[in-house]
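Visitor: Residue numbers (the numbering used here), protein chains in the order written: chain E, 1 to 369; chain Y, 1 to 322.
Derived from the structure by calculation, the hints contain no laboratory data. Hints may be right or wrong, so weigh each one.
Here are a few chain E residues that sit away from chain Y, every Cβ distance over 12 Å (derived from the structure) [what the hints assert, rightly or not]:
id, residue
1, His65
2, Pro68
3, Ala73
4, Glu106
5, Gly107
6, Glu155
7, Glu156
8, Ser189
9, Val269
10, Gly278
11, Tyr293
12, Gly313
13, His314
14, Asp347
15, Glu351
Here are the simulated lysine to aspartate or glutamate pairs, EDC-like style, with alpha carbons at most 20 Å apart [unchecked claim]:
id, chain 1, residue 1, chain 2, residue 2
16, Y, Lys256, Y, Asp233
17, Y, Lys36, Y, Asp177
18, E, Lys255, Y, Asp70
19, Y, Lys212, Y, Asp233
20, E, Lys255, Y, Glu266
21, Y, Lys200, Y, Asp303
22, Y, Lys77, E, Glu139
23, Y, Lys256, Y, Glu236
24, E, Lys255, Y, Asp75
25, Y, Lys200, Y, Glu317
26, Y, Lys77, E, Glu217
27, E, Lys255, Y, Asp270
28, E, Lys255, Y, Asp267
29, Y, Lys77, E, Glu330
30, E, Lys300, Y, Asp270
31, E, Lys300, Y, Asp75
32, Y, Lys77, Y, Asp96
33, Y, Lys200, Y, Asp155
34, E, Lys124, E, Glu76
35, E, Lys300, E, Glu330
36, E, Lys124, E, Glu156
37, Y, Lys77, E, Asp216
Between beta-carbon pairs, the in silico distance windows are [what the hints assert, rightly or not]:
id, chain 1, residue 1, chain 2, residue 2, range
38, E, Trp299, Y, Glu279, 24 to 32 Å
39, E, Glu100, Y, Pro116, 33 to 41 Å
40, Y, Glu230, E, Leu305, 54 to 62 Å
In this text, a Cβ means the ideal position worked out from N, Cα and C, and glycines have one as well.
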Amino acid sequence: MLRTAFFTSWITSSLALLSALAAGGAIAQPPTAGSDSTTPATSAWIANPAISVIGWFQSVAGNDHTLPAEAFALPEAELAFQSAIDPHSRADFFLAAGPEGLEVEEGYLTWLAFPGGGQAKFGKFRADLGKFNRGHPGETSFADRPLAAAAWLGEEGLALTGVTASILIPNPAAIYWDLIAQVGSAPDSLASPVFGPERRGDVLVLGRTSVFIPFDEGTDLHLGASYASARSHPALRSDGERTRLGAADLTLRWKNPRRSIYRSLLIQVEMLGGRGSGDLAPVRGGVYGYAVYQFARQWKAGARLDRSDSPGGHERVHGVLALLQYQPSEFSTLSVQLRRVHDRVTDTDREAAFFKWTFNIGPHGAHPY
Amino acid sequence: MRPPDATTRARALAFGAAVLLGTCGALVAPARSDPKPLSVITTTEDLAAIAREVGGERVRAIALCRGYQDPHFVDAKPSYMVQLRNAALFVQVGRDLEIGWAPGLLNGARNPRILPGAPGFVDASAQVQVIEIPQTVSRSQGDVHPYGNPHYWLDPANGAPIARAIRDGLVRVSPADAALFERRCAEFESRLGAAVARWKAEARSLGLAGRKVVTYHRSWSYFARAFDLEVVDFVEPRPGIPPSPNHVQDLVARMKRGDVALLVMEDFFDPRLPRRISEQTGVPLVILPTSVADEPAIRTYFDLFDRLFAAIGPALEGGTRR
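Construct all of the structure, not just a fragment, from the sequences and the given hints.
Guide: This is the structure in structure tokens:
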């Protein structure tokens with residue numbers, strides 16, 4: 001009873017906070033514009049890498065014991081250092097500072113172009129397995145990761161250290177069609193629920209191809225297929241020495257180009273499937289799909305459906321999540337999210353409510369698409 | 001421990017070798033000349049229109065941002081990378097106008113000829129006298145542009161330095177056509193000079209000098225400076241952040257003093273709030289195109305300013321205009 005009351009009051013408080021922030025207050029006039037010149041006032045910015053911080057504050061309530069016990073947390077502050085190295089290459093480093101310390105979430109050098117329309121990355125990067133995995137945890141719309149993504153790729157997503165090569169494939173339709181190959185050291189069995197390298201030669205190999213089809217100026221479809229293989233997690237070796245993962249993703253976007261800041265729709269569906277290399281190993285997997293609709297300049301609403309097997313095969317969960325998002329500016333996003341997960345084996349429900357505030361300080365970065 | 005998987009190791013080595021060979025090849029790949037029209041990709045339609053003036057039949061200029069789009073908020077669609085991949089010249093407005101979308105496209109296009117610093121990269125603001133460079137930059141002021149107001153193409157006199165920057169870029173990527181580009185650029189500057197004189201005369205006949213206006217965004221600072229209009233306030237004082245009710249209230253009170261001649265807004269914003277302000281204050285609202293190709297009839301840089309004056313004149317006489 002007490003828990004229900006707390007849960008209800010938590011949701012009410014979060015919605016009240018969103019409303020209060022949206023209502024706004026007195027706004028002072030910005031300072032008068034400064035001098036006129038043909039040279040930037042702060043040339044030091046040019047020599048230094050772009051430095052920014054993306055962080056998020058989060059509050060959790062509910063009876064979901066799989067989530068962190070703390071009601072309030074600053075799960076991560078991500079420091080980004082990005083710059084061109086020279087005319088041929090650039091460096092992007094993302095350091096994640098969290099309760100467990102500072103670690104390199106991604107850090108890679110990109111050789112921007114080589115003959116034949118190719119590009120290469122060297123370092124640590126998020127794997128191109130599906131589309132969702134490329135996003136950093138703080139940048140996604142959700143306070144959690146989709147159940148299948150968390151179950152198969154880990155709570156932080158799948159990253160590897162190695163080399164990526166990618167090309168744009170010329171085609172008569174002149175549409176975007178890419179091919180990506182990645183090879184690198186797979187994450188260890190503590191970070192990955194399905195992979196578990198033990199030797200230097202236990203590398204992860206990954207391939208992905210995707211096609212981007214614009215229907216008109218405001219609507220487009222992005223289709224992708226990915227495949228990865230690496231030495232199995234110790235707990236999964238009864239299904240084979242290697243685990244193979246496949247993913248298929250579909251992203252549909254709509255935006256009225258004449259009113260680009262007011263209305264938009266994003267629909268994404270992603271399927272993940274895995275199988276051990278043993279002859280009799282079963283195929284297991286999961287799927288998630290979500291839609292986020294922007295119904296006003298600063299407001300979005302969305303929903304997500306989840307289904308996932310456990311890689312070990314003893315658990316199957318279903319989930320549903322709803323979110324309401326308020327964006328005071330391009331650099332700050334607040335959302336209230338409600339999630340229910342149903343465990344079909346134990347026939348129990350777990351409920352959670354999240355409040356998430358993501359912020360970005362520093363130079364204006366490019367928006368991923 | 002089992003010995004490393006030989007097949008996997010061989011695959012990894014072959015993959016790594018291929019990447020390294022390709023990377024080294026980029027350093028020694030020779031430049032090649034192309035007899036076809038030069039592919040010029042610009043961020044905005046205004047730059048594409050000026051590139052056509054300078055390049056004539058020798059160029060094929062395409063803009064990524066449509067004329068009716070807000071150039072601050074263009075999605076970096078992968079299909080744009082395909083267009084950029086084969087471009088000989090890339091032209092941007094610069095001053096961070098395209099910071100949210102152009103850098104990612106250039107990095108993903110796999111075209112070293114148009115990367116910043118390469119001969120095929122043109123920042124059209126290089127020779128423009130940029131205004132409103134802030135002394136201090138803070139996000140508390142909204143999405144300010146730290147390198148100054150980037151809407152400089154709305155001063156028609158700035159068409160000349162834009163054309164010269166594009167001419168210089170074209171000469172770099174196709175030196176054999178230098179004489180053609182220089183001649184066409186000079187002709188464009190000459191025609192533009194005459195047109196600017198005509199528009200200045202029209203501004204005088206409309207009595208624009210000293211008239212006070214309120215604009216939605218800071219897009220009109222250059223236009224106002226060119227024709228001696230005085231911008232006294234903004235509907236959206238902090239760029240990228242919708243106005244608060246308090247600001248709207250203060251703005252309505254300010255405009256009711258009776259000395260504001262026009263409320264000017266870009267046509268990619270929602271007109272509902274400006275219409276309400278116009279109705280409450282009696283100040284005529286004029287919704288204007290900000291770029292070439294915003295409307296089908298605006299095909300050239302000259303058409304854009306002809307269209308602006310065709311709208312402003314009647315608006316000054318009263319009533320809402322589109």
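Visitor: Each hint should be assessed against the structure and marked as holding or not.
Guide: Hint check results:
| no. | hint | verdict |
| --- | --- | --- |
| 1 | His65 | holds (38 Å) |
| 2 | Pro68 | holds (30 Å) |
| 3 | Ala73 | holds (24 Å) |
| 4 | Glu106 | holds (15 Å) |
| 5 | Gly107 | holds (16 Å) |
| 6 | Glu155 | holds (27 Å) |
| 7 | Glu156 | holds (23 Å) |
| 8 | Ser189 | holds (15 Å) |
| 9 | Val269 | holds (18 Å) |
| 10 | Gly278 | holds (16 Å) |
| 11 | Tyr293 | holds (16 Å) |
| 12 | Gly313 | holds (25 Å) |
| 13 | His314 | holds (28 Å) |
| 14 | Asp347 | holds (42 Å) |
| 15 | Glu351 | holds (34 Å) |
| 16 | Y:Lys256 with Y:Asp233 | holds (13 Å) |
| 17 | Y:Lys36 with Y:Asp177 | holds (12 Å) |
| 18 | E:Lys255 with Y:Asp70 | holds (12 Å) |
| 19 | Y:Lys212 with Y:Asp233 | holds (9 Å) |
| 20 | E:Lys255 with Y:Glu266 | holds (19 Å) |
| 21 | Y:Lys200 with Y:Asp303 | holds (15 Å) |
| 22 | Y:Lys77 with E:Glu139 | holds (18 Å) |
| 23 | Y:Lys256 with Y:Glu236 | holds (18 Å) |
| 24 | E:Lys255 with Y:Asp75 | holds (9 Å) |
| 25 | Y:Lys200 with Y:Glu317 | holds (19 Å) |
| 26 | Y:Lys77 with E:Glu217 | holds (10 Å) |
| 27 | E:Lys255 with Y:Asp270 | holds (15 Å) |
| 28 | E:Lys255 with Y:Asp267 | holds (16 Å) |
| 29 | Y:Lys77 with E:Glu330 | holds (19 Å) |
| 30 | E:Lys300 with Y:Asp270 | holds (17 Å) |
| 31 | E:Lys300 with Y:Asp75 | holds (17 Å) |
| 32 | Y:Lys77 with Y:Asp96 | holds (19 Å) |
| 33 | Y:Lys200 with Y:Asp155 | holds (11 Å) |
| 34 | E:Lys124 with E:Glu76 | holds (18 Å) |
| 35 | E:Lys300 with E:Glu330 | holds (13 Å) |
| 36 | E:Lys124 with E:Glu156 | holds (14 Å) |
| 37 | Y:Lys77 with E:Asp216 | holds (12 Å) |
| 38 | E:Trp299 with Y:Glu279: 24 to 32 Å | holds (25 Å) |
| 39 | E:Glu100 with Y:Pro116: 33 to 41 Å | holds (37 Å) |
| 40 | Y:Glu230 with E:Leu305: 54 to 62 Å | holds (56 Å) |
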